[in-house]
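Colleague: So you can see what is in the structure, the chains are spelled out below.
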Amino acid sequence: MRPFVYERPTSVSAAVAMASHAGAGHVPPTAADTQFIAGGTNLADYMKLGVGRPDRLLDLNTLAEPALRKIRTSDDAIRFGALVRMGEAADNDDVRRRCPLLADSLKLAASGQLRNMATLGGNVLQRTRCEYFRETSWPCNKREPGSGCAAMEGVNRQHAVLGTSDSCIATYHGDFAQALIALDATVDIEGRRGKRTLAFAKLHRLPGETPNIETDLAADEIITAIEVPLRPWSGRSRYLKIRDRESYAFALASAAVALDMEGQTVRSVRIGLGGVATVPWRAVAAEDALQGKVLDEAAAQKAADAAFADARPREHNAFKIPLGKRTLVRALLETRDMKV
Amino acid sequence: MNQAAPAPRENQGDPVVRIDARLKVTGQASYPADIATANVAYGALATSSIARGRVSALHLQDARAVPGVLDIVTYGDMDKTDTPKFGNTGASSIGPLHDKTIFHDGQIIALVVAETFEAAEEAAMLIRADYDDEQPSASFDSKGTSTEAAAGKNPMLKEDAKAGDFDAAWAAAAVKVDERYSTPTQHHNPIELFSTTAMWQGDQLTIHEPSQNVTGWKMELARQLKLDPANVRIISPYIGGAFGSKGPMTARTAIVAVAARRIGRPVRCVVSRMQAFGAQTYRAETRHRIRIGAGKDGRITAFGHEGWEVTSRPDPYVVGGTSATARMYNYGSVLTHVALVHADRNTPGYMRSPPETPYVYALENAMDEMAVALGMDPVEFRRVNEPVKEPIGGRPFSSRSLIKCYDQASEAFGWSKRDPEAGSMRDGDWLVGMGCATAIYPTAAAPCAARVRLTADGEVRVQCGSHEIGTGVRTVAGQMAAERLGVGMEKVSVEMGDSALPPAPVSGGSISTASVCSAVMMACDAVRAKLFAAAAGKDGPLAGSGNAKLDMADGKIVTETGKSAKLADVFKAMQVGAIEEYAEFAPKGSSPEALNKLYAGQPEFHGGESDKDSVKYAFGAEFVEVRINSRTREIRVPRIVGAFAAGRIMNTRTARSQLMGGMIWGIGQALHEATEIDRRAARYVNRDLQDYLVPVNADIKAVDVILVPEVDHEVNPAGVKGLGELGNVGTAAAVASAVYHATGKRIRDLPIRIEHLIV
Amino acid sequence: MSDAKISSGLSRRMFMTASVSAAAAMPLATSPTRAAQPASAKPAQPRDLSAVSMRINKQSYNLALDNRTSLLDALRDHVGLTGTKKGCDHGQCGACTVLVDGKRVLSCLSFAVMNQGREITTVEGLASAGGELHPVQQAFVDHDAFQCGYCTPGQIMSAIGCINEGRAGSEDDIREYMSGNLCRCAAYPNIVAAIVQARDEIRRA
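Protein chains in written order, with the numbering used here: chain A, 243 to 582; chain B, 329 to 1087; chain C, 3 to 207.
A hint or two may mislead.
[To be verified] Label pairs and their in silico Cβ distance ranges:
hint: 1; chain 1: A; residue 1: S316; chain 2: C; residue 2: G104; range: 24 to 32 Å
hint: 2; chain 1: C; residue 1: A53; chain 2: B; residue 2: H387; range: 43 to 51 Å
hint: 3; chain 1: B; residue 1: D1077; chain 2: C; residue 2: A53; range: 52 to 60 Å
Rather than coming from a laboratory, the hints here were simulated on the basis of the structure.
Where a beta carbon is used, it is the ideal one built from N, C-alpha and C, also for glycine.
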């Protein structure tokens, strides 16, 4: 690991100022000289591997603003401070009761220890676990722009089939983000140019030709809060995660589903897909296919087909297309059958 | 009493708590990298990123510029040492710093030594190599591999087993199975990282390194460093899991020793989880073709087993499991052949449980296929083919309780409730499948020495250079001494894991309990003999008890008529404070040089298939239930039952734990474990515990271990068959059979994953 | 005072970088918001050592550490508490689990410098001064919940966390919430049985 300066800003504005005065410029936050650290579970790992190479770390755990550590539930939204730990959010009774999908997506991620460490703000920004990205001796367009992609023709069982490009097929491995994108969440961001609120769906960028640019954030920007609106579908919601192990493994395929039903008919549906895409993935085509339909096996299957219509398999990950579809069908039917 | 401490049945010892349990739960058990070392410097490896070629230039300037870097050991710096040897002790003949040739991915190209761990790691990552690289051959089917017959290349497989006229029997068989199976590359991945700490005092070298073979390593390291073996000491009191990975000494040990000598300070090098994939041994991928021919009555008439294994370019590592599969059932005729495929890979090594795990997986999967083809119950099919003598040499089995194992396990499992039709059992959204398979492991022993000291106040110290890798050998050695010397376990201490102790063989091949306990028993009996002579002597406290049989119990010497003498009184009569005896055990059939070879670190193994009078195996039967989601096809194992017969069980607690752990290993092999290789570059890709999956707690539900009583006086004086390897054999085939039963789909390539069942 | 005991097993580096003070002798900055770096006119350089104060097993430590040093390496190499184990150094195995302010975390992924003012508990801090084992330790002994023992300190610390978090209700819960601790010897069923026993004992107490 490269040596780094470690500093403890005491407020968000101080942190932002410290980051920008270092001349963050136009590099993505993951390549900036100065980077923020909170839980550290992703960044420390990547720094040890030589993938994360900051000269300076700003520790967000010393920020004083109490709202950063709070979960606030109102009638129409749940608002998570960005420093709330995954485990705390997963265990929050309000969250579980009002929107089980949120709690499940957190509970089924990582391990008890990691959930105690990792913050929600950091969780949504976690970087891919692509093996070729992790090991610096392989070419990787995300790590070294223009160097090529070793995964494309390599061992790509865990790689994405949706949202891929000719430059990158690395999967976004997070779970919570699938819930957030399905539920129309927004993120509050503070940076040198002030505060802004962004639809969660706009936070992550498709790899395209610049897989090294992963999010819409500038290097001086900090996520301060995540807000999830509570809507008629929030209570009937579920996260289904299919993986090789029963626990402590990344999704091969997952589905975040929230349903507003009128009898057997879908009044409204929200769908996120994990383990299969390069970014948090909203399955809009599947949602459209279900709108106003009776939710039965056939309708669910049709929606699943729509969700994966544009999927592009590689040598070892073609199974993710049928698996992803079946995962979605199962999640839809199980969510339909939830006692709410 | 709890499940972890089964009540002993016939010929089974008490479930004594591990002698080192308290140390292990308080963090006081010191593993080699825990040893406090004054003035230690830290080492970090730099390794190759290509699998074949030569290093044309090494750029060290950036690394040297890192503050705190003390030295970099690289090409040229090992020239005064001898290159490693491949064999019983050495993992590979590749001397990575002796020669700029790159034989495999992850080969050591330098060792950085620095004041701190952080500086060493930083500098190692800054080392850049230029290579003249060549297209490597990754594995089976890669261009450029070379294939040779394995038999005779390695003592593991002297010849291909055969019997009768296979071709004729095969041609005539009424029912045939002819299928191919494969097992993937696997790495042991003990949770303890590999490490070496080397320190010199003058010419004396001390190495702290997790080792399953301290005596062998002492000799091999002395040879490489051209030292008098008396000046080399390997210390490894606790080992954080081994499974074979810490048996062969790798090239790193000598390199770290040289570094410590160069800087005049102790050096500790902890190998990263990722680097260990290339720097240590592993189980190479295997392929199998199995042919079974049978009559309509279910009697096997022909058995053919061809195996292919990958090894490195220079070293003929052989698994060679046909020796056991050829003797499993009453086949009629047998034809086997094993081929080695040399590729640009690091040299494989033994991994729990060589050689049976891959080979028996193939055999037992085929046995299940044959049972289906015959329309027979798989247990009945095995019963019908139960042999009286082994089919290759016609020798009897020293004991064979396989059918008892099947009976007890199938009853506990509820096998009779299984509907034999594939795909017929279901529980809600889950397909239910049940399968079974045989476990077999050769029972061997090797020469072993031990020293036992008894003091007048009843304190016992056992010393033996064996290795506590988690099997409980320290505990059972202590139990043996406590039992023979009639004292409580709290009076016994056991020292192991040090090449300065009486030598023991490598802790591999499930030989340790038999070998160590036999030696400890001999030493104890020598102590007893001295005490008995003194007690019954004319000035002894039991004078006049004549030829009455004496024994030791409760800190006393007792006669069969009920008279007794306190130990202290006997010692007083002898006018000594302690009695110490040194014993050397050599198994029946040992050569005249067997003990010398023990001291030379080259112990002879006896037993298994190698004895003239009988073949010696431990057996078991495993039953598995799987549940497979009808939609998403994830496979879960809610319960597994294994019944095992392994002669005398020294301690039902440690025995159960080992067998249970082995069975869970089998579940991992069936469903999780595989090292992925990038075939273009012959490089391992999933080199960590994030992507190399081993079972987690949630994967394992009910595990039921049945210890089937068995008495076998023939195997060794202690009557013990090893069982560390046994539990892991057969499990994967039982899982594969259960998956077939649940789905009607036969998966022949491990691991069985969702993608095999989804389309 | 246990200075002598603590320092007996230490490398020379520890003496250069650490000072140990008696449990209650020296109040330390515990506010996470207070910077601990000594005031200095010069801007910090990447290779500067940072002053870090922590309470470890109820004893205060003042350490001077490389910013890169993980909490795990600080415990092992600088404080001499080697009960906490390194199994992967990347948050994948759980062997390095310790309690920080009562919560179980992975010490390998936590830079030591980020633990300024925190209360750390390691496996060495569990047994009573009289040597009586913590109920989880005793249950691990009773149920043979280990073989090689290497993952055991992490399992035990994680089990305490799991029980404290109220996640040891059913055996299935225990399995799920203990899945971040790999045991390659695969003592899992015994670990679950041990946690059930300890949970009940702790509840009774």
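Colleague: Within 43 to 51 Å: is that where the Cβ-Cβ distance between A53 of chain C and H387 of chain B falls?
Modeller: The hinted range 43 to 51 Å is violated for A53 of chain C and H387 of chain B, with Cβ atoms some 36 Å apart.
Colleague: Against the range 52 to 60 Å, how does the distance between the Cβ atoms of D1077 of chain B and A53 of chain C compare: consistent or not?
Modeller: Given range 52 to 60 Å: holds, Cβ gap about 56 Å.
Colleague: Holds or violated: 24 to 32 Å for the Cβ distance of S316 of chain A and G104 of chain C?
Modeller: Cβ of S316 of chain A to Cβ of G104 of chain C: about 30 Å, so the range 24 to 32 Å holds.
Consistency with the previously given hints fails for number 2 only.
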